[in-house]
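2 protein chains.
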Amino acid sequence: MKIVLDAMGGDHAPPVAVEGGVWAAQEHGVEVILVGREEDVRRELARYDTSGLSLPIVHASQVIEMEEHPAAAVKAKKDSSMVVGMDLVKRGEADAFVSAGNSGGVMAGALFRLGRIRGIKRPALSTIYPTTTGFCFMLDVGANTDCKPEYLLQFAYMGVAYTERVLGIANPRVGIVSNGEEETKGSILVQEAHQMLKKSGLNFIGNVEGKDIPAGMADVVVTDGFTGNVIAKLSEGLATSLLGIIKEEVKKSPLATVGALLSKSAFEQVRKRLDYAEFGGAPLLGVNGVVIVAHGRSNAKAIKNAVRVAKQAVEGGMLAAIKDGLQSL
Amino acid sequence: MKIVLDAMGGDHAPPVAVEGGVWAAQEHGVEVILVGREEDVRRELARYDTSGLSLPIVHASQVIEMEEHPAAAVKAKKDSSMVVGMDLVKRGEADAFVSAGNSGGVMAGALFRLGRIRGIKRPALSTIYPTTTGFCFMLDVGANTDCKPEYLLQFAYMGVAYTERVLGIANPRVGIVSNGEEETKGSILVQEAHQMLKKSGLNFIGNVEGKDIPAGMADVVVTDGFTGNVIAKLSEGLATSLLGIIKEEVKKSPLATVGALLSKSAFEQVRKRLDYAEFGGAPLLGVNGVVIVAHGRSNAKAIKNAVRVAKQAVEGGMLAAIKDGLQSL
Numbered sequence: 009m010k011i012v013l014d015a016m017g018g019d020h021a022p023p024v025a026v027e028g029g030v031w032a033a034q035e036h037g038v039e040v041i042l043v044g045r046e047e048d049v050r051r052e053l054a055r056y057d058t059s060g061l062s063l064p065i066v067h068a069s070q071v072i073e074m075e076e077h078p079a080a081a082v083k084a085k086k087d088s089s090m091v092v093g094m095d096l097v098k099r100g101e102a103d104a105f106v107s108a109g110n111s112g113g114v115m116a117g118a119l120f121r122l123g124r125i126r127g128i129k130r131p132a133l134s135t136i137y138p139t140t141t142g143f144c145f146m147l148d149v150g151a152n153t154d155c156k157p158e159y160l161l162q163f164a165y166m167g168v169a170y171t172e173r174v175l176g177i178a179n180p181r182v183g184i185v186s187n188g189e190e191e192t193k194g195s196i197l198v199q200e201a202h203q204m205l206k207k208s209g210l211n212f213i214g215n216v217e218g219k220d221i222p223a224g225m226a227d228v229v230v231t232d233g234f235t236g237n238v239i240a241k242l243s244e245g246l247a248t249s250l251l252g253i254i255k256e257e258v259k260k261s262p263l264a265t266v267g268a269l270l271s272k273s274a275f276e277q278v279r280k281r282l283d284y285a286e287f288g289g290a291p292l293l294g295v296n297g298v299v300i301v302a303h304g305r306s307n308a309k310a311i312k313n314a315v316r317v318a319k320q321a322v323e324g325g326m327l328a329a330i331k332d333g334l335q336s337l
Numbered sequence: 009m010k011i012v013l014d015a016m017g018g019d020h021a022p023p024v025a026v027e028g029g030v031w032a033a034q035e036h037g038v039e040v041i042l043v044g045r046e047e048d049v050r051r052e053l054a055r056y057d058t059s060g061l062s063l064p065i066v067h068a069s070q071v072i073e074m075e076e077h078p079a080a081a082v083k084a085k086k087d088s089s090m091v092v093g094m095d096l097v098k099r100g101e102a103d104a105f106v107s108a109g110n111s112g113g114v115m116a117g118a119l120f121r122l123g124r125i126r127g128i129k130r131p132a133l134s135t136i137y138p139t140t141t142g143f144c145f146m147l148d149v150g151a152n153t154d155c156k157p158e159y160l161l162q163f164a165y166m167g168v169a170y171t172e173r174v175l176g177i178a179n180p181r182v183g184i185v186s187n188g189e190e191e192t193k194g195s196i197l198v199q200e201a202h203q204m205l206k207k208s209g210l211n212f213i214g215n216v217e218g219k220d221i222p223a224g225m226a227d228v229v230v231t232d233g234f235t236g237n238v239i240a241k242l243s244e245g246l247a248t249s250l251l252g253i254i255k256e257e258v259k260k261s262p263l264a265t266v267g268a269l270l271s272k273s274a275f276e277q278v279r280k281r282l283d284y285a286e287f288g289g290a291p292l293l294g295v296n297g298v299v300i301v302a303h304g305r306s307n308a309k310a311i312k313n314a315v316r317v318a319k320q321a322v323e324g325g326m327l328a329a330i331k332d333g334l335q336s337l
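Heads up: the sequence lines are chains A and B, in that order.
The opening position of the first sequence corresponds to residue 9 in my numbering, with each subsequent residue numbered one higher.
The opening position of the second sequence corresponds to residue 9 in my numbering, with each subsequent residue numbered one higher.
No wet-lab data here; the hints were simulated from the structure.
Do not rely on the hints blindly, as some may be mistaken.
Which residues of chain B face chain A? A partial, calculated answer using Cβ under 10 angstroms [what the hints assert, rightly or not]:
1) K10
2) H36
3) E75
4) T153
5) S186
6) L197
7) A223
8) A240
9) S271
Every residue gets a Cβ at the ideal spot worked out from N, C-alpha and C, and that includes glycine.
Between the sequences and the hints, there should be enough to build the whole structure, so can you do that?
Structure representation (structure tokens):
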């Protein structure tokens with residue numbers, strides 16, 4: 009299997025991207041095609057023992073920066089690592105594309121170069137969300153700020169296809185984010201989408217409130233990209249803030265400080281359970297190719313795991329699953 | 009000062025409501041008018057030493073239950089504690105109304121009995137949101153699921169009026185919830201409201217992302233009632249989930265368990281900083297009267313503090329402040 013890694017994507021690229029790529033090639037036994045400025049990538053690669061690994065470099069002279077306007081950048085920079093990398097997938101020379109770069113850029117690049125799956129109205133960004141019982145799969149988390157009910161219905165089908173076929177959860181419970189449990193609660197958008205989901209044939213459990221998401225009430229959490237983005241960023245921020253508050257209070261008391269030292273291993277486990285790097289990345293669903301978006305702040309472990317997610321998506325037949333799912337619509 | 013307390017409102021009413029009312033009369037030196045089924049309220053009241061306190065009972069034979077349809081219930085139950093209590097405020101026989109009951113019912117009751125402040129398009133439910141640096145004031149958290157940009161602008165003015173005059177924060181920083189920092193980010197609603205806020209003369213700091221809210225980036229956080237409700241409930245749920253995960257991991261190790269015992273006091277401080285009961289309740293802004301909504305799960309401390317919030321709102325001239333704020337619009 010050949011997986012393209014955007015060697016220039018992410019806050020710590022290229023060093024961290026290349027390190028994660030090497031690690032992925034070792035651990036997941038795939039060919040990792042590093043796309044980026046050849047000189048930079050080669051220099052980074054020289055720092056590792058890559059004997060026996062398949063890590064070809066494909067040169068791309070341009071980089072789409074984090075703060076660039078996505079669509080404009082993708083159009084202007086035809087020789088960027090994103091565009092060149094996507095084209096490898098388009099031409100069938102690679103099976104998947106992974107990037108920790110500008111997520112809007114990945115989205116725009118995927119739309120322009122790979123296109124949508126026939127019948128899909130809007131692709132959606134997804135995320136794996138840690139819960140008390142494990143994790144749930146949430147979409148959209150930022151691709152579509154203003155949605156129509158039918159988009160949310162399609163997000164549900166795509167989310168179920170991915171969750172079943174790639175994450176291995178049978179008959180996943182689907183919930184739609186709302187401001188109350190009852191089906192009469194919610195914005196006009198959510199109320200209309202709720203009615204469509206009820207008739208969808210999916211394992212629809214109804215509305216999920218904010219508190220129900222971290223409690224793990226649903227396996228697939230459907231929402232518009234505005235709300236989903238707020239949820240994802242709020243959750244990350246809140247976990248950080250809360251751990252910060254705990255640290256602050258612990259420091260105030262010498263006894264508590266000793267206590268915290270003794271419970272250090274437990275806190276490390278907590279951080280691990282919440283760590284985005286463990287999940288690596290999540291797919292951009294609805295485009296005609298396997299595209300995995302990793303966190304901009306990705307460290308090498310996150311990049312390595314994002315490549316694993318790509319591998320699993322290819323092995324699980326993600327694209328075929330989504331196409332099958334659409335048939336039932 | 010006379011504050012009406014809905015003795016039948018909340019998950020644990022009337023016992024907890026009455027207990028909180030007695031406590032409030034003692035601690036805040038106000039007259040607490042207990043509205044509800046006289047026999048029930050009298051029986052609860054008999055359990056306390058109320059000598060020297062002013063705790064009159066006003067009989068109301070009906071109760072609006074938590075799961076009832078708000079508007080229909082308020083219309084049908086003219087002798088409910090909510091309607092009777094609101095009417096005391098309307099007739100000038102009391103200065104404020106406090107309830108931990110059905111928040112939609114409080115909203116409907118306030119609209120029908122007290123009406124809106126002239127010029128206010130939509131009243132908003134607010135909440136005090138704990139942050140790493142203290143708290144912020146967020147609105148709307150559930151009254152209006154579908155908003156227009158001008159509603160959000162009014163929420164900002166009302167929020168600033170309350171935050172300055174009642175919470176005592178000078179020149180509060182106003183942020184609008186969005187899915188990105190740049191002003192071009194956000195739903196159509198948010199982008200339009202952003203432009204209005206820029207010209208508002210308020211201390212507008214721009215978009216706040218999910219992660220920025222718990223970090224305390226803004227003092228007044230403006231959003232639509234759908235998003236605000238999701239944020240408020242998610243935050244409460246996530247804090248609970250996270251503390252649950254910590255407990256779970258701590259229990260796995262005897263050493264960590266000992267450590268946690270030593271740091272118990274620090275964790276109690278953390279819980280206190282996050283405890284909604286400390287804040288008591290938050291106002292329904294935009295109606296023509298001081299109406300404080302407390303959490304449905306309120307304990308006696310939360311009820312007591314909600315009465316304090318009502319007292320502060322009356323003393324701070326909340327209604328006049330909102331009316332003044334509207335002048336500048």
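Hints, one by one, checked against the model:
Interface hint status for B/K10: violated, as the beta-carbon distance to the closest one in chain A is roughly 33 angstroms, over 10 angstroms. With its C-beta approaching chain A no nearer than about 28 angstroms, B/H36 sits outside the 10 angstroms limit, and its interface hint is violated. Hint status for B/E75: holds, given a least beta-carbon distance of 8 angstroms to chain A, under 10 angstroms. The beta carbon of B/T153 comes within 4 angstroms of a beta carbon in chain A, closer than 10 angstroms, and the hint placing it at the interface holds.
A cut of 10 angstroms between beta carbons decides the hint on B/S186: the least distance to chain A is about 8 angstroms, and the hint holds. With a least beta-carbon distance of about 8 angstroms to chain A, the hint placing B/L197 at the interface is held under the 10 angstroms criterion. For B/A223, the suggested interface contact is upheld, since its CB lies about 6 angstroms from the closest CB of chain A, less than 10 angstroms. With a cut of 10 angstroms, the hint placing B/A240 at the interface with chain A holds, because the nearest CB-to-CB distance is about 7 angstroms.
A distance limit of 10 angstroms between C-beta atoms decides the matter here; for B/S271 the minimum to chain A is near 3 angstroms, and the interface restraint holds.
Hints 1, 2 from the earlier list are contradicted by this structure; the remaining hints agree with it.
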